[in-house]
Amino acid sequence: MTSTEPTSTDPSSTEPTPAQPVPTPPVPSPPTPSALPSAAALRWERRRTSAARFWKAYRTHRAGLYGLAGLALIAVLALTAPLLVGADVQSVTQAPGTALEAPSAEFPLGTDQFGRSLLGLLIWGARISLLVGLLAAALSVAIGTLVGIIAGHYGGWFSTVVMRITDWFLVMPTLVLAIVLATVMSRSMWTVVLAIGVTSWPTTARLVRAQTIAVESRPYIERATALGGGHGHVMSKHVLPNVMPLVLAQTTLGISTAILTEATLAFLGLGDPTVVSWGGMLQDAREAGAVSSGHWWYLAPPGIAIALVALAFTLCGRAVESVLNPKLGVGR
Numbered sequence: 001m002t003s004t005e006p007t008s009t010d011p012s013s014t015e016p017t018p019a020q021p022v023p024t025p026p027v028p029s030p031p032t033p034s035a036l037p038s039a040a041a042l043r044w045e046r047r048r049t050s051a052a053r054f055w056k057a058y059r060t061h062r063a064g065l066y067g068l069a070g071l072a073l074i075a076v077l078a079l080t081a082p083l084l085v086g087a088d089v090q091s092v093t094q095a096p097g098t099a100l101e102a103p104s105a106e107f108p109l110g111t112d113q114f115g116r117s118l119l120g121l122l123i124w125g126a127r128i129s130l131l132v133g134l135l136a137a138a139l140s141v142a143i144g145t146l147v148g149i150i151a152g153h154y155g156g157w158f159s160t161v162v163m164r165i166t167d168w169f170l171v172m173p174t175l176v177l178a179i180v181l182a183t184v185m186s187r188s189m190w191t192v193v194l195a196i197g198v199t200s201w202p203t204t205a206r207l208v209r210a211q212t213i214a215v216e217s218r219p220y221i222e223r224a225t226a227l228g229g230g231h232g233h234v235m236s237k238h239v240l241p242n243v244m245p246l247v248l249a250q251t252t253l254g255i256s257t258a259i260l261t262e263a264t265l266a267f268l269g270l271g272d273p274t275v276v277s278w279g280g281m282l283q284d285a286r287e288a289g290a291v292s293s294g295h296w297w298y299l300a301p302p303g304i305a306i307a308l309v310a311l312a313f314t315l316c317g318r319a320v321e322s323v324l325n326p327k328l329g330v331g332r
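Quick note on numbering: UniProt numbering labels position 233 of the sequence shown as 233, and the sequence is numbered without any gaps.
Derived by calculation from the structure, the hints in this document are not laboratory data.
Backbone N, C-alpha and C fix where the C-beta goes; we use that ideal spot for every residue, glycine too.
Do not rely on the hints blindly, as some may be mistaken.
Said to hold, decoys possible - Pairwise CB distance ranges, derived in the manner of DEER restraints:
no., residue 1, residue 2, range
1, W296, H233, 56 to 66 Å
2, G303, R223, 51 to 61 Å
3, L84, E287, 21 to 31 Å
4, A40, P96, 52 to 62 Å
5, N325, G86, 42 to 52 Å
6, A142, V176, 20 to 30 Å
7, G155, G289, 53 to 63 Å
8, A99, A57, 48 to 58 Å
9, M244, R223, 14 to 24 Å
10, R48, I165, 39 to 49 Å
11, L308, P96, 21 to 31 Å
12, L324, A39, 22 to 32 Å
13, A40, A307, 40 to 50 Å
14, R59, N242, 23 to 33 Å
Use the sequences and the hints to build the structure in full.
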């Protein structure tokens, strides 16, 4: 009988191999409070990002770029008018030429009835026309935004009363109301700004009210109210930032209307007689008989300038409106 010898094994081969320790990755230390960006820095970063995104979308609108280039050129001419033509161009006692000269090498656009250079007057008049247009549009949009947000926020009978007053201003001819105000008040640039601003706000008010109602129907407005946010907090912190794109587009579109209204008031003799504006130049041309005598160079430059500036602001406004509200599909 054959006996089976037990197989001897190496004790070391049967012992389990101790597990190697897995290196633990270093845990990053939390940033110190000084390393965290401040709330102001975060806000500015968001604003820079939004501005870059807005400009990227705006550049796709060729008409808007043409309008912006035209406005930039006119603004540069208006700002540098004291250096280009000087303030003496407005003086009727130091006129360098004779009355109603035709365009020439010395006077590219001719002269007025006092012998002043029409090119110099045109450049200098851009300052007043643009300033009045900007201020009047800003005043109109500010009034309309305030009325629209308050009416849309409170609602009820208060909103009904405010909207009926707005409708009354809306159906009344803006130019007629502006003429009435400019007639009963002293003749100055600020009177024209006030007359245009307080008569052209109803359209903005109705648009902002509709946008306010849409914004306040969103859930986060209800949460803000439940957390203790008052009327002022909701309107200033939640509603106003959401209606600002509409306000910006409305302001851009309103500037062209304000410039046309200022030119009309000045043409009717209701502007400030102590300053030179494009509408005032048209009024002077009418009084000098440029229409009947065939002095076209006296009428054409200010009229073309008004039309070009109004067109440029309209193109910019339509481009801004299309960028802020792509559903409009405004032509590019």
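Results for each hint:
no.: 1; hint: W296 / H233: 56 to 66 Å; verdict: 59 Å, holds
no.: 2; hint: G303 / R223: 51 to 61 Å; verdict: 55 Å, holds
no.: 3; hint: L84 / E287: 21 to 31 Å; verdict: 27 Å, holds
no.: 4; hint: A40 / P96: 52 to 62 Å; verdict: 54 Å, holds
no.: 5; hint: N325 / G86: 42 to 52 Å; verdict: 45 Å, holds
no.: 6; hint: A142 / V176: 20 to 30 Å; verdict: 23 Å, holds
no.: 7; hint: G155 / G289: 53 to 63 Å; verdict: 57 Å, holds
no.: 8; hint: A99 / A57: 48 to 58 Å; verdict: 52 Å, holds
no.: 9; hint: M244 / R223: 14 to 24 Å; verdict: 21 Å, holds
no.: 10; hint: R48 / I165: 39 to 49 Å; verdict: 41 Å, holds
no.: 11; hint: L308 / P96: 21 to 31 Å; verdict: 27 Å, holds
no.: 12; hint: L324 / A39: 22 to 32 Å; verdict: 26 Å, holds
no.: 13; hint: A40 / A307: 40 to 50 Å; verdict: 44 Å, holds
no.: 14; hint: R59 / N242: 23 to 33 Å; verdict: 25 Å, holds
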